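Residue numbers (numbering that gives the first Met the number 0), protein chains in the order written: chain V, 0 to 326; chain L, 0 to 326; chain S, 0 to 326; chain W, 0 to 326.
It should be emphasised that the hints constitute simulated quantities derived from the structure, not laboratory data.
Incorrect hints may have been included.
Unchecked claim - Pairs of lysine-lysine residues, derived as PhoX-like cross-links and limited to a Cα-Cα distance of at most 25 Å, are as follows:
(1) S:Lys84 x S:Lys25
(2) V:Lys25 x S:Lys223
(3) L:Lys25 x V:Lys223
(4) S:Lys30 x V:Lys84
(5) S:Lys223 x S:Lys325
(6) L:Lys293 x S:Lys25
(7) L:Lys94 x W:Lys25
(8) L:Lys84 x L:Lys25
(9) L:Lys325 x S:Lys30
(10) V:Lys325 x W:Lys293
(11) W:Lys325 x V:Lys293
(12) L:Lys325 x L:Lys293
(13) W:Lys25 x V:Lys325
(14) L:Lys94 x L:Lys84
(15) L:Lys30 x W:Lys63
(16) V:Lys293 x V:Lys325
(17) L:Lys30 x L:Lys63
(18) W:Lys84 x L:Lys25
(19) L:Lys84 x W:Lys30
(20) W:Lys30 x W:Lys94
(21) S:Lys325 x L:Lys325
(22) W:Lys25 x W:Lys94
(23) W:Lys25 x L:Lys84
(24) V:Lys94 x S:Lys25
(25) S:Lys325 x S:Lys293
(26) V:Lys84 x V:Lys25
(27) L:Lys94 x L:Lys63
(28) S:Lys25 x V:Lys84
(29) V:Lys30 x V:Lys63
(30) W:Lys94 x L:Lys25
(31) S:Lys293 x V:Lys30
(32) S:Lys84 x V:Lys25
(33) V:Lys84 x V:Lys30
(34) W:Lys94 x W:Lys63
(35) S:Lys223 x W:Lys223
(36) W:Lys84 x W:Lys63
(37) S:Lys160 x S:Lys63
The model shown is predicted, which means the values in this text are computed figures rather than measured ones.
Protein chains: 4
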Amino acid sequence: MNSNRYSVILGNLGNTCDRFLPTGYKEAFPKKEMIRQAAAIPGIAGIELVGTWDITESNVAEIKSALQEYRLVCVSIIPDLFSQKRWGLGSFSAKDPTIRQQALDETRSVCRIAREMECPLINLWLGQDGYDYPLTADYRGQRRILMEGLHIVASEFPDLKFALEYKPKEPRNHSFQARAADTLLMAQETGLDNVGVCIDVGHAFVGGENVSESAVILQHYGQKLFHMHFNDNFRSWDDDMIVGSVHLVEYVELLFWLQETGYTGWYSMDQYPYREDGARAVAESVAFLCEIEKRLTPQRCEQIRQLIATGDATQSTRWMRELIFKS
Amino acid sequence: MNSNRYSVILGNLGNTCDRFLPTGYKEAFPKKEMIRQAAAIPGIAGIELVGTWDITESNVAEIKSALQEYRLVCVSIIPDLFSQKRWGLGSFSAKDPTIRQQALDETRSVCRIAREMECPLINLWLGQDGYDYPLTADYRGQRRILMEGLHIVASEFPDLKFALEYKPKEPRNHSFQARAADTLLMAQETGLDNVGVCIDVGHAFVGGENVSESAVILQHYGQKLFHMHFNDNFRSWDDDMIVGSVHLVEYVELLFWLQETGYTGWYSMDQYPYREDGARAVAESVAFLCEIEKRLTPQRCEQIRQLIATGDATQSTRWMRELIFKS
Amino acid sequence: MNSNRYSVILGNLGNTCDRFLPTGYKEAFPKKEMIRQAAAIPGIAGIELVGTWDITESNVAEIKSALQEYRLVCVSIIPDLFSQKRWGLGSFSAKDPTIRQQALDETRSVCRIAREMECPLINLWLGQDGYDYPLTADYRGQRRILMEGLHIVASEFPDLKFALEYKPKEPRNHSFQARAADTLLMAQETGLDNVGVCIDVGHAFVGGENVSESAVILQHYGQKLFHMHFNDNFRSWDDDMIVGSVHLVEYVELLFWLQETGYTGWYSMDQYPYREDGARAVAESVAFLCEIEKRLTPQRCEQIRQLIATGDATQSTRWMRELIFKS
Amino acid sequence: MNSNRYSVILGNLGNTCDRFLPTGYKEAFPKKEMIRQAAAIPGIAGIELVGTWDITESNVAEIKSALQEYRLVCVSIIPDLFSQKRWGLGSFSAKDPTIRQQALDETRSVCRIAREMECPLINLWLGQDGYDYPLTADYRGQRRILMEGLHIVASEFPDLKFALEYKPKEPRNHSFQARAADTLLMAQETGLDNVGVCIDVGHAFVGGENVSESAVILQHYGQKLFHMHFNDNFRSWDDDMIVGSVHLVEYVELLFWLQETGYTGWYSMDQYPYREDGARAVAESVAFLCEIEKRLTPQRCEQIRQLIATGDATQSTRWMRELIFKS
């Protein structure tokens, strides 16, 4: 019996490309088939959709009914503010006011869709909002204009939550929303309760963060951790791998702290299985997290609290070793 | 004619050791001789002192008179909360309340000294406040207790400014004050106007930050950039090298933004010339920064503003190339 | 008057995409127009072509005549062993022998084209030859099989030189030819004089290498530096930026050592100007390198030799500062 | 019943300092007590000694008898070529020929001691042999001179094995023996069978290496992996932590490949338990490695071979998950 709720971004089950092979390493499936596959993954109860890719104002009814058919909840929608040529120099923070207006409108459209889908959360990944070269970005002005755009949209849809997903780089060499604390500052600056942060575990690794500490900081300053994306990598890049394929200790500690700080959102898979079968890769991630969840019994959580209070590195390491090899 | 004010941490001119050679690579000079050497470096007008190492309640008069003799200003004092065995598990955030009390008392002592020295700023580098291993730190509780300690001391000395110097790691594997934005959040949390942040450029490099953007963020949220430490490194570690020995473009952009955001504090050298002559190494750093300062004329600053407004990477790169090779 | 010979990979002038925007940030130009643009860049005398993309057995005559029309030399050809679905799990090192056979055949085809083009060098970037996850690669067996493939092709075309271009990662999470020394070991293992290494400066940065030292090592063990690709990045990823937009000192030292160790190959630009005008971005790179080349007079090279012999960090840093700001 | 042989560097049990606290975080024990503690660690059968620190020509008999008393084997001796002021600018590669002579003599002395101790291996960690700043090192000449020094000493003691321990940086900003493949090239260049390489797992992590692949490469080119040092870190620095406190998958794969490639040397602990009890921290490391060794049964090794042959990321990840949570 899980109490954590697991979901997946639908695109994880689709084709995946990179800059060297833009047509992708695999074949694409029809949308409906991807939904069916997602529903078949043990533990998956929710879906994240990307605007334009997965859902538009014209196919809402169809997608809604497909999700219902498979008893899946729409957990969040991610506006497509990153995969169109017009966003190449930014969306909310673009220097061109026409583009900024389009970004607002695109987000509003997704917000209306979310309401129809009874989806409570907009996940904003502003991947194109950043800069590539020295002496090309107005760190002050563009940051302010970005925040103002967030304020406008989030004010208009007070019934929705907006989670800002940070990432140090890619597709821009530097993102404006690069790390947990920077992004929290911007969320706070809006002065709105419905603006918070999404941690993508892989992005946090790339940013050199201790992801548990990032989660604690976001929760400490007003329960601002709104959403979680899970994947794994080798720390130098957003490899978007199967959860647990590289890291272990970090996930154990993270799941403890998510629980400890009262995180009640979804545990959503966000991978890029370039050369793997998407459904199997996602299933493996969920299975890994479930194994950890299962072990974080009230008794073990109390042990962790005591380890933390004591702070003895050898004891903590021994506890983890026994968790791995003896439980 | 410089308008930036340059200073140096006195210890830069002393002996330097590492974990393999704890007795140091060089010979130590008497304190007075180090002050004389500092004063002889072209451009240096101020000194930073470390509590205990350089200054105690008992030698204040002596040091004050030595600085006056050489027409040096005491720019900041750095309490020694990192180089004594008792701080090994933290100072302000130590789990042991006795140690925390000692940290408060030590800082208060330095604050009283600062008043006597007419030194307006305490630079707090809490190097031992962090953690080494997973499952050993209370990210939430220790962070709060650290903040409360800062609040206590900074409230008692409202005439002094407190600059929190962040650093991702070393001597702990993870610092609680690790990056610009995390540290700003803690400064804000004190609710005190006299608590801000110190950027050590090398620490920012190690943290993967664009140091110009960090400076802008700190200034944007209430002019919280209180102090600057300068040195250089290869980005993976706090090598504490001569300024400009590795980076160039970053310093040009940084000096522009410091001016642009109204930074009026000192430009202080903070190096570890392990195997170099200290005075010559510091002199080289100051000379490098002066060359950049000289080139940041009002006309060129206006050009930078236009480059930033335009955001054309090729134009910005060309401008920088011409600054380097044609000016 | 340059004595270095500068060239460019033709694709630098085309459209560029990434995994989020596979259709690209710009518009594509016709091949002939790209050649015209390349020829118009001051200093460019040579072109690198990618097999399949730019040149096939069927358009050799056409491309050859186009290059002649613009007085451009074909410097190298890069077989396309990375941008087709069939190479997704490797080319020369694929576990599937059919794919390995295809990789050999594709390379042979490019070798025949090279002979027709009077192009002396095949640049082999085996980007797909690597692995993504722990416990999935046969480090020993696949490495051997890769080497054997190289031996087969390079033996068949002893009149051509084969430069192995290493890169730590991307598109695979780990490449078999990841760093300079690893790749040199494999080149040596073939036992063939016509197999050497290509340094892509950006790849070396990402690998944490001091690129000058890498060049020296390759030359020290049998003059094995066969080719050079130039671009810049922020060290954590292959950003493929304009040369000199981030680094400076490294390029000065590198150009010195290339000359010092008798490198006589081309200085070829290899960028990805995602959002920039390709021709202007390449032109800026060449201009930057020419500025350095111009300053590396025999007199200054002799000064560098003395600095190196002395090894005084302050003197070396001062020399560099004066080169930048006083020459 | 272990078949791997575990040892520890004696200094792991002593005091530890860093550049901020040169007198150390702990108390020092007498040498004899440290030997007693080492012997009491379950699984430890061998000891590594550091020249000068632990053993000199004058205390050989005493140390030999102490080791015998505790049934400990002397596994290797590490000449102290790093913790004395005279080595500050290098030992074997120093520009000063007097220092180079002293480095040869110091190493010879340790070799003679090794013979008396019946210790078969000299572990050469040339930590000071490198450089700090651009334009200060003769990458070509100093590399050659270093190799020649190795050749001299290793020729004189053909009955001893010499393992070169590489490390990317620290105490120098760049080491000449920085990575596995670079160091292998130098070992090969000596032309001597008794010169090989030592992998320190933490150093390999810092170098961005896949340590399993490094081991395979060293073994592939003539069984050149002579020695192994174990510790853990967060990948950005040589934190010298308890084995398994951060990584897991990497150690499983490494232990498989060590066995697979016929590594028969010691598994030696090399930690810096700055703030931990040394004996307990080392014991925890050995316990961790023993847990893995125990699970690498012939049957599981055969499974791994099949996973590698198949190369399916999801299967491999699942296998690892089941190893962790189900065995």
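Original post:
Hints broken by the structure, by number, lowest first?
Top reply: Hints 2, 3, 5, 6, 9, 13, 15, 20, 22, 27, 31, 34 and 36 contradicted; others consistent.
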